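Read off the chains here:
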Amino acid sequence: MFSPFRHDDLKEMLDSNKDSLKLEAMKRIVAMIARGKNASDLFPAVVKNVACKNIEVKKLVYVYLVRYAEEQQDLALLSISTFQRGLKDPNQLIRASALRVLSSIRVTIIVPIMMLAIKEAASDMSPYVRKTAAHAIPKLYSLDPEQKDQLIEVIEKLLADKTTLVAGSVVMAFEEVCPERIDLIHKNYRKLCNLLIDVEEWGQVVIINMLTRYARTQFLNPNINESLLEEGGGADKTFYGSDEDEDEDEEEKEKKAEAAAMAKRKPYVMDPDHRLLLRNTKPLLQSRNAAVVMAVAQLYFHLAPKAEVGVIAKALVRLLRSHSEVQYVVLQNVATMTIKRRGMFEPYLKSFYIRSTDPTQIKILKLEVLTNLANETNISTILREFQTYIKSMDKDFVAATIQAIGRCATNIGEVRDTCLNGLVQLLSNRDELVVAESVVVIKKLLQMQPEKHSDIIKHMAKLTDNIQVPMARASILWLIGEYCEHVPKIAPDVLRKMAKSFTNEEDIVKLQILNLAAKLYLTNSKQTKLLTQYVLNLAKYDQNYDIRDRARFIRQLIVPTEKSGALSKYAKKLFLALKPAPVLESPFKDRDHFQLGSLSHLLNAKAGGYQELPDWPESAPDPSVRNVEVPEWTKCSSREKRKEKKVEKPFYSDSEGESGPTESADSESDSASGSESGSEGSGSASESEESGGVSVSEEEEEEEEEEKKTKKRELKKAVQESESEQSSEEEDRKHERKMKQQKSDSESESDEEEESESESSQSESDDSESEAEVRKKKKAAESKPPSKPAKKETTKEKKEMSLLDLDDFEPAPSPQVTPVNNLFSNSLVTDLEGLSLSEAVLLPATIAPSSALKSYELLHRITGEGLSVEYCFSRQPFSPDANMVAVQMQFTNSSASDTKSLHMEDVKLQSGMRVKEFPEIELLPAGETATAVMGIDFCDSTQAANFQLCTHTRKFFVSIQPPVGELMRPVFLTENEFKKEQGQLMGMNEITEKLTLDAKCRNEHAIVQRVTTAANLSRVPCGSDKECSPPVPPPEHPVHRFAGRTVTSGSLVLVTVATREEGAAQLTINCEKMVIGTMLVKDILLALTQ
Amino acid sequence: MINSLFLISHSGDIFLEKHWKSVISRSVCDYFLEAKEKAGDPENVAPVLQTPHHYLISIYRGKLFFLSVTQTEVPPLFVIEFLHRVADTFQDYFGDCSEVVIKENTVTVYELLEEMLDNGFPLATESNVLKEMIRPPTILRSVVNTLTGGSNVGGTLPTGQLSNVPWRRAGVKYTNNEAYFDVIEEIDAILDKSGTTVFAEIQGVVEACVKLTGMPDLTLSFMNPRLLDDVSFHPCVRFKRWESERVLSFIPPDGNFRLMSYHVSSQNLVAIPVYVKQNISFLETGSCGRLDITIGPKQTMGKSVENLTVTIPMPKSVLSVNLTATQGTYTFDLTTKVVLWDVGKLNPQKLPNLRGSISIQTGSPKPEENPSINIGLQIQQLAISGLKVSRLDMYGEKYKPFKGVKYVTKAGKFQVRT
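Just so you know, the protein sequences line up as chains A and Z, in that order. For reference, each letter of the first sequence is one residue, going 1 to 1090 in my numbering. For reference, each letter of the second sequence is one residue, going 1091 to 1508 in my numbering.
Heads up, some of the hints might be wrong.
[Said to hold, decoys possible] Subject to a maximum C-alpha distance of 20 angstroms in a straight line, what follows is the list of computed SDA-like cross-link-like pairs (lysine to any residue):
hint, chain 1, residue 1, chain 2, residue 2
1, A, Lys854, A, Asp1083
2, A, Lys27, Z, Gly1102
3, Z, Lys1503, A, Ser392
4, Z, Lys1330, A, Glu981
5, Z, Lys1427, A, Glu981
6, Z, Lys1406, A, Ser392
7, A, Lys395, Z, Pro1455
8, Z, Lys1435, Z, Ala1361
9, A, Lys37, Z, Gly1102
10, Z, Lys1153, A, Thr360
11, A, Lys391, Z, Arg1116
12, A, Lys37, Z, Arg1116
13, Z, Lys1503, A, Tyr353
14, Z, Lys1503, A, Leu349
[Stated by the list, open to error] If we take Cβ atoms under 10 angstroms as the criterion, some of the chain A residues that face chain Z in the derived model are:
hint, residue
15, Glu176
16, Glu200
17, Asn333
18, Asn989
Derived from the structure by calculation, the hints contain no laboratory data. As the structure is a computational prediction, the values presented were derived from the model and not from experiment. Idealized CB from N, CA, C, for every residue including glycine.
The following block holds chain Z by itself, in its conformation from the complex (with noise of 0.2 angstroms):
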């Protein structure tokens, strides 16, 4: 399936190879530069390539290229979530999936990927199984191990990958037991000119991050679960449960993880906390525009909004901007020609306002398109749906634990066409 992997810099440097089954020559990268040379953008580099004895399947990630190298058919959806599982198991070994942190832990890197496939398969995955395995490296660790020469391999054997609940670990124990769930939900919306919504829709995560001590079985409910339109779920979640009863029945992984996704069902409106007067225009004549934008809150069920900010992308032939804003602060990236403008918390009394000219380069046509403006923001203890966690149960388990629910409202892709 996967006979090679390599880690690419953004700027083209090779600074990892791993060979599962024979090895390939790292020039067979060379055709994957090229394509990226030619794309520009990393992002628009094609996942898949084709060179004449090898396939190149890769991701973006982190601002480094996963590369993986395979000689036959293989689904590409498969590498590709392979990959992504690679890349999230550095972040979550090493707390950034960065080519400088990848580069100081080269020999776990290599042991970790060495465990995760097997001539090119899959073999453990699951963090908590490889945690067991190898063990992530704390400042602690490295202090006492170069002092006593000690390893960050584990010495027991990997116990969970024989379990039929692969994703804990036994012997979890804590003083503390606590489980705390994040309802996340992320509004996806477009909206036109005028201020209507083309399209809406909203999406969440339910986080969650569990220590509780033993093998507990937690059972979750919602208030609401008909909200959900579409779900997917965390391999724990047993979904005969949740077929019948709507419930969220799972004997948690130890740590952090992400319990479900879903859909919120289509047919309810969603709410669009904030709306955005604009006003963008570039003058025939004399090579400037005016830029003024109004954000005011809409529909935020009485909580405030929080971490406003907005992204404008502005044309490539605008030099600079010269702009006020009535509250937060503003940069305007010259190279990539982005304003950006932090707004902070939306006040209601006294609307933030951000106006000025912009200037064009001398010469250049005025530009046919208007810039589209992507707002984010931030929403506490507000689920936008109307989603709630009802209760969750533990069994299995005699202590009581802490338990917590926060509700965080995003935007998503939320962008204002002008």
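Chain A extracted, bound-state conformation (with noise of 0.2 angstroms):
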């Protein structure tokens, strides 16, 4: 205990007014506090400090408070108006902090300042504090559980922000207030999915880990189709045998025989939100954080399909050479994997080769992993492998050894009697501890075929003298009496030796000398009779109850009496059956029900708090609930109050409708891809009319209208579809964001309602095309395989289109802006701004530049001997793959000759180019002109392609070096998205350059027409905002934007050309990759001053 005296001394120096001598006190006391030791009787002269100057005094003085509120509640309540204070504080850091802490003194009697604190904070302008709103939520929870109910609001509220920094925060709140809700989970999906990349790495795991759950209760199993095959097949009858209750066994084998017509008639077809998870997830495998690796790893073992888990077992073996506590707990985890898919990890097989350094936990696990692994074609390997681990200083290991090389003998039928032989030969081992756990397993073995090894369990016999391990004794003398048929002479001398040293032997040994002599009487009566009778009386007399029963039960049975009960008469039959050979398996087996990576999982036993990962639906619930709604509605708290809604205000009710669209993208982007369209589109079909059953009656009312709209509908997917290929994937994401925003505006408008579906459909359709490309296994995630029939219907329908649409566009935004809660006026407007990108799948086409396209000499007349040949960027999309760039080349023969069979050969590229060859043209006669298009793949660089262009005669090297203005493709943004954008491309993104304009540039038309011959570029429309660019150019001096993607990263380039008095110009170009950047400058730079 302490001296009241040097807490004195502590009080006397805190009550100072030196800031110096307040710190060191408080220091002292920290060290106490850290050390374990009471500090609590200062708390009055501590707690008077918190309003402290100095910062590390108040530090230190929170530091206290927290660690010793709790014991003095009443004193601690003083420090509380400070922190109210801090509440209110302009900078957005000491609000955090205070909140913090507040948050932290646990003091039932503040909860509801607490409430009120948090509540405020979680609508806070700063996403920090909005974080920090997120950690207290769960404080409050543990603090006091009945405010459950007002949590579960404030975290609704939280869920659907927008900031990465809030989402992992609240998600964990989420995890440890109200799991179960995950319907809260529904209008956030796609936003968490986007948003997880950008995460901070601790929340990462906590996302994952929750949408793991969330997937299992939304999709379906993507490995149905498999599993059923499975169960169908041999596994289902050793499944059913143990099964009793035949009736259940029937009803379920219905069951499951329904299902899978069900899925014979319906072939599987993925969610896209599914792969929308997996595909983000992915990248996190690359994690340098074990724990976001281990957490994508289960989710994909959880719920990828069969064909794609591979991926997580190079993560998982990178791992393995981290610290030794991460090895333990991913090869637990990579044991549980190996049972269940055994070739995922088959070629790392090396990677689990133990080292004598390893510590024995790690040893035996990656043992583990081996014999999990070990099949007919690696076991020579593998047993050869366990040979040197015999031999290990490490006894603990050696035993694992042998109980592994035992399971690999059981489980592969061709090595048994290898092993078998193996083991026997350890028995004249000098480790007796080696010698025992061989006899364990050598007894496992041979219970397996005993007639052939008799000379084995002679030999075992002889082990009796010298074994003094009990489980060993007791495994041989099991052995010999089970077996005494084949050891007739030796059996009975055993007993007589065990007889001897009956009372100097472990329990386990006695009970099998009593089976011994059971037996044994029973066999071979004559010889044994005495020295049976004599084993049970000592038996009779022994310490242990167990012991005492068995001998009198053994007696009862075998021995015969005048009164010996029916029973005697089976005694042969009772001791001598036929016992099943024992299963050796994995101590892992099964374990998988537990969600991997989990300290359940672990322990193999449910911890507190652990939440079951449920089991895939029979049926997948309605899809639609993810799509984003009105804001209005993200205030209702519960599904229940939205629909009566619905009722009330019937033209929401379309909405609803939007499963059926959402299955058709499905269909229809698969069938684009070029995949097996016919099947695709009736499975469609019947389950776009299932989730109508499943979504509410009043759907059906509109079912009429809704096909009316299915038509138009389709024909805006498809042109969507073909603007979202164009678009990179990293573009995507915020697309499909900013998509998402747009089109809860777009709804609250009265007749947005063909605006909206066709926006969701979009991100939809994203999904499911990339679905496709892993279905192609494209490597580059970047390129999009295009979609030929979705092209000819943007082509055919543009003009309708465009009427429709700007239909559609026309209203005003202000009036629409009115009605809605002045908390989203805000994002609204801006949002309401966004609404034209509708326009941006038309667009491309129409502003083609119309200048006429510059062409370039391939091959000259005469080098060509009377073969030339040029070749122009034809700014036409290449149809057979969106990343290349098409090259339309005319052939001219002015020879006197005809040419045949021209072809291009030998091409020569750098790394990442690629090309597409055009089709051979047979014959060009004399005089003759011939077209064709070819395609290349420039990788974004301005490299030559080069290759041989063959006739039937000559070979002539070329080369095409695209001009970087070919290099890009060019979409449409508005005037406020070029904004946002170019925002986002500062700094060493952006390159400005000063120019006088030529003299017969300085109309726009011109400016125009120059920019966009020099580069594929369209031209951004201006004015269509008003808002928000507070310095208005005069009309005199206009700023020409101009905005495309390239085309192989599909990074965008952002040009703006500004113009100023008398010709002088500032050219700025924002792009993300420097190269093009700084080369397209030179080249706009040339063509606006020449």
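Assembly of the complex is requested from the two constituent chains, each provided in isolation within its own frame, with the hints serving as guidance.
Structure (structure tokens):
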């Protein structure tokens, strides 16, 4: 105990007005706390300093306060007002820290204050404060669980937050407070998926784990067809063989059969949201954080189609290089995975080889994995490894190796004899533990085919003289008893020896001696009768009641007396029944019913707060719940309320019908990607029917209307798809986010359903597209497969579309803003502006540069011996591959003879570049001209593509080098979007150059023309915004903006030409790709100044 | 998530405790100490233990146990990774992560822990963010602080937490702008008795020391990125760029950090730089044995092998060894029974050799097993996989930085079975 004087001294220091003294005192107090010493009697003295100016003193006071507030509740209240003041501070960091400390004070009386503070902070402007609010939620919940309902409201609000800072923390709060409220996730699912990669690593773990559970409740099992096949096959019998209740059996079978039939009728189509999750988590396998990697691995293990799970193996093997604790956890999980999906880790077999320096627990786990991986092909290598392990100094490890050998032997029939022989050799090992373990394993192996191995049994019988390990002795005795017929001479002798030493044996050995005696008595009573009697007598007076019981039981059974019961007739059957060989199986079998990577899985026992991983649903719940809705609705806490609203306002109900278009979007993009379109089309039709049935009744009324609309929608989708294909994956993300905001807004407008629906299906189609992509096993994630049919539709319907859309777009934004709650108005305005994005889909084609295409010479008439070739960049999308630049080539044969079989050969490219050759021109008659189109993926570089142009007689070396302006394709952006994007491409991504415009090129038209000639960009229409650019440029000095994306990676290229007085102008280019930016500056500069 | 943290010394002394939720009595550690007692070797203590009311998750670093207590389900790797991050932070702050250092800096440690977790959930784990809030102690500063009563706690608020590059603090200034990268490769290998490779692979890391002013944006590219089979990155690296162009594009953290770690694709044959000729035998009678080890260069790509060490854990029954080394010195640890031979630089003309006799406790039987030989070595100016950095470009800042790349090859877990 401390003397009170020393504390007095501290109190004095705290009361002084020198900060240094206070600090010194606080440091000493904190050191006391750290050592676990009690410093609670200083509370009044410390709490006075809560408002101290010195920041370190203040922080230390907080530490103290949080530690002791629970014990000194009344005094702690003195400090509360300080924090309440802090909550109002203009500095966000001070607000956050005040909330953090306030919520950490575990005093029940301040629960209402905390609640109020959290609610306020949840709508704070600063995301950091909102994050702190999310952190505070579980604190309050653990202090007073009755606040749950109110807290859920806050969680719901924070879940809707769009910043990465908040996402991880709020999901954490969700998991602690209301993990069962999976319905809160629906609306935020896609957002969470998209934000995931930017969330801090700890948040990623929590979100991924939660989404795994979510996906299990919302999507269909991607392996459904496979698992049915498996169960329908051989596994079926063994599984049901043990089942007693036959009726139930039948029922279940019927169900299965039904499910199987269903599966046959409807081929499995992965929900695009399911795909989104898989796609967005995959890059995280590269995280440096082992917990993140593990989280993704378990997600893939539990959710991915069988063919895709393999990707996690490499990452998990990588973790084996990490700290031994990490290895320990990872190996546990790998062990479970190897049982279900052995093939996945087979290529990494050698990574599980054991080093003598590994800690024992790691060795044993690696051994487990190696054993699970063993099969006919690799067993010889594995056994050779085991051979070296047996010589290890680590005896526990040797014992485990012997068991592993036993398991390999039982699992793989071919090597059973080899293993057995090896184990028998171990019986002469000097180490007793090794021998004992071998005996135990041999016993199990022998049980499988005892006839063949009576000499081994004899050998083991001899061991009873030496071996002292009880388990081994018991095993030998059991073996001899069981197979006494194979060793008729030795068995009685062993019993004799055992009878002698009976009293000194361990209990398990004694029990086996009794067994042996009984069995011998039954088979060979002549020789062993007396011995048995003797042993039974000894056992009768044993200290252990089990043994006394057993002796009495056996005596009654085998020794015939006049009143012996009916059972003794069956004694022989009882004792010498054929016993099934034991199945040696992994302790990790069936552990996968726990979510992998969880504590429960590791302990193989349910830990407190563990959320069960639900089974896949039989049929998928309505996917439309994940579509984002009108902001007004987000305020309603329950879905029921929303539905009521729908009834009141019929026009909203249209949004429910979204399940329909969602499905059809699926099928369409599938067919677009060129896979089996017919079957899937029909599948999705039935699906949409089904989801129709599931959703609310008023939908039926809408159905007719619905059908009419579908057609229009489909057209739109097609258009949007073609657009979305071109955009890169990263852009997709932004895009989608934008789409969602936009969508939610557009729905608040009265007649905008059309709009919104097409939007939602847009995001859908993005996903499903990538699905097709994965199927094709394309590596480059950005490159999207083109869709021919979609494209055709685009061109056909262009006109109609534009009319339609402009109609929708017509209503001015302002009146729609008014009915909406003030809180949302801010974002609404910007979002509404974004609405015009829908135009994007139709514009690129219409705004193609009117100027003539510049053509380049590929092969001169003279060098080509009469064949001349010119090429130009046609600026048309190259339909076989959207990532390629279309090059239109014009062949002219000015020689006197025909040129035959004109084709290209020997393409030499820089790495990453690809070429789609033009189809061979079989005949080019003299004097004729032919054109052909080839595609080149320049990989966003101006590297030349070199190849040989071959005729039937000659070969010409030629090369095509693209001007930088041709490496992009136009995209349509509104001015606001342009500015937004530009804002994200500042700094080194921005290049500015001053120039003087050419005299001929000072009017708008000329500038636009020259820029679009120099580079394949599209003009950004100006003036669509009035609210957001405060310094409106005077009309005489207009600013021209152009936008495009690079063809391969889809990086944005933004060009701004701001004109000034007297032909002065400023050219700004924003592009993620520096090289492209710099080159483009030169080119455009040239175009504008000459 | 994490309820409490206890720091326990090698000997079982609980010298620091910190609670983020309700206080949990330190008696909970008894379960752990019991398990530790049972396991013997601290490496063998199970990282996850279950007690009636709590779960104990621990790591062992620098002869210390970091023991965290949790009451509910939590991914064990989450906690383990976090504890290692704590240890890394201590290492970063104090240059060492040992009992003495932590005891000396209890208050700073406590302040750090306070910032790193909120209610048991990680809050700020980036060392740059932490350094903004709590300055690492330096001798100069501690002298100044005692004189002026100044403090270690940063006056500024941690703005790093708010930015979208949380790993870099704003307003970094250097007079000498420099960026150095070390490509360090380790060969993990198991060779069998006859010298054939049972298993070999190369693991590498790129460690960076970047001291650049402002907000530089760096691009590091390799001559042969295709060698890299599996990679993991510091969060600053833009994964998309890597996917599409195989270059590392990043805004670097300030100071030392690990940029990436990688695994060289396993199709490439791994060059084994040295061979080991060994003969260790124990005689059946007379309780002694012979040892004869020679090491020679194999595939060293023309570079010299340095810092060559040989570690042989002897069987427990070995009493002493009597060896002569033609080069370097050897030691025999009587308690751990480990022979450590420090060879130094490998001279290809005159191969180092260690030979002599081993004496075994009289009466004990001949050891069953032969000890394995662990090799340590270093080759400067060589990445054994052949990986080469082609260039480093900087964008976003005007000045010209000093750049440098260093290659080192080391032996990782390089083991020869006998």
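Taking only the CA atoms, is the gap from Lys1153/Z to Thr360/A under or equal to 20 angstroms? Roughly 18 angstroms between the alpha carbons, so the hint for Lys1153/Z and Thr360/A holds.
Run the distance test for Lys1406/Z versus Ser392/A: straight-line Cα separation, threshold 20 angstroms. Given that 20 angstroms is the threshold and the Cα spacing comes to 12 angstroms, the pair holds.
Sort out whether Gly1102/Z lies within 20 angstroms of Lys37/A, counting only the CA atoms. holds, 18 angstroms
Holds or violated: Lys37/A with Arg1116/Z, Cα cutoff 20 angstroms? Within the cut-off at roughly 11 angstroms; holds.
With a cut-off of 20 angstroms on the C-alpha distance, tell me whether Lys1503/Z and Ser392/A pass. Distance ~17 angstroms between Lys1503/Z and Ser392/A Cα, so the pair holds.
Assess, step by step, whether the Cα of Lys854/A is no farther than 20 angstroms from the Cα of Asp1083/A, and give holds or violated. holds, 14 angstroms
Below or equal to 20 angstroms on CA atoms is what counts here, so check Lys27/A against Gly1102/Z. Violated, because 25 angstroms separates the two Cα atoms, which is more than 20 angstroms.
Checking one constraint from the list: CA of Lys1427/Z to CA of Glu981/A, max 20 angstroms. Satisfied? violated, 66 angstroms
Hinted pair, alpha-carbon criterion (20 angstroms max): Lys395/A, Pro1455/Z. Please report holds or violated. The hint holds at about 16 angstroms.
A closest beta-carbon separation below 10 angstroms is what the hint needs, so does Glu200/A meet it against chain Z? holds, 7 angstroms
Mind checking the CB of Asn989/A against every CB in chain Z and telling me if the closest is under 10 angstroms? holds, 8 angstroms
Taken at face value, is the distance from the CA of Arg1116/Z to the CA of Lys391/A at most 20 angstroms? violated, 42 angstroms
In summary, the numbered hints that this structure violates are 2, 5 and 11.
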